[in-house]
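Heads up, the sequence shown is in our numbering, so the first residue is 804 and it goes up one at a time.
Simulated from the structure, these hints should not be mistaken for lab results. Any given hint could turn out to be false.
Only pairs whose alpha carbons sit at most 27 Å apart, straight line, appear in this in silico DSSO-like list of lysine-lysine [said to hold, decoys possible]:
id, residue 1, residue 2
1, K978, K967
2, K978, K897
3, K967, K897
4, K968, K951
Derived Cβ-Cβ restraints for the label pairs, each shown as a range [unchecked claim]:
id, residue 1, residue 2, range
5, I924, K967, 39 to 45 Å
6, S971, P881, 32 to 38 Å
7, D945, S846, 38 to 44 Å
Ideal Cβ placement from N, Cα and C applies to all residues, glycine included.
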Amino acid sequence: FMFISSNSSAQSWNKAKGPFPEEVQYESGVTAGPGYGVSKYVSERVLINSKLPVSSFRIGHISGGPLQGAWSMTNWPPIIIKSSVSLGMLPETKGVSPSLLSTSIHDMHGVVSFTKEEPPIAVNLVHPRLIMWRTFIQPVVDALVEHKVTSYPLPFVSFSEWLKKLESSAKDLSKETMKHIIRISR
804 FMFISSNSSA
814 QSWNKAKGPF
824 PEEVQYESGV
834 TAGPGYGVSK
844 YVSERVLINS
854 KLPVSSFRIG
864 HISGGPLQGA
874 WSMTNWPPII
884 IKSSVSLGML
894 PETKGVSPSL
904 LSTSIHDMHG
914 VVSFTKEEPP
924 IAVNLVHPRL
934 IMWRTFIQPV
944 VDALVEHKVT
954 SYPLPFVSFS
964 EWLKKLESSA
974 KDLSKETMKH
984 IIRISR
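Working from the sequences, and respecting the hints, build out all of it.
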């Protein structure tokens, strides 16, 4: 049984201990945080205790295939970008993990599924190189100006300032404003 989990199931892992182990974690503290990661952690534990032969794929962020690499419009990058255009500013952050192409996930799933050996209990699939947010987002900023979505490069502000602006814009929502601000949580 191949279970698609998430690296958020380890959202509270102490990185000083090194990479998150590719094994079942019995310490629930590794998943403290928002419910999505907790639900994946609980699902892994249920499957492991079911005694089915199971492999859990803990996946980072996924984008489209190699030709387009597009994100689903409900993923966090397009939501932040569209909201930032409306707000006239982009949030600054410390780092971002680049998306894995869906074909990479497909390939790894095939390798594990059809191996003659017993599959690993857990496989952590994340992009191996963390890049800085500005390196990740600068081509988007440039494209917004080039395609006349904005008339100037959006300035970077602290994440807390960006969030305050987002919250204040949500206080007095008109139908027109709502078209431009995407609700972050559903």
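Cross-check of the supplied hints:
Taking the CA atoms of K978 and K967, the gap is about 21 Å. The hint holds against a cut of 27 Å. Straight-line distance between C-alpha atoms of K978 and K897 comes to about 34 Å, which puts the hinted pair past the 27 Å bound. A C-alpha spacing of about 18 Å is found between K967 and K897, which places the hinted pair at or below 27 Å, so the restraint holds. Of the pairs offered as hints, the one joining K968 and K951 holds, with about 23 Å between alpha carbons and a cut-off of 27 Å not exceeded.
Our hint of 39 to 45 Å for I924 and K967 holds, since their Cβ atoms are close to 43 Å apart. Judged by the Cβ atoms, the range 32 to 38 Å given for S971 and P881 is violated: they are separated by roughly 22 Å. Evaluation of the 38 to 44 Å hint for D945 and S846 yields a pass: the beta carbon distance comes to about 40 Å.
Figure legend: structure checked against the earlier numbered hints; hints not met, in rising order: 2 and 6.
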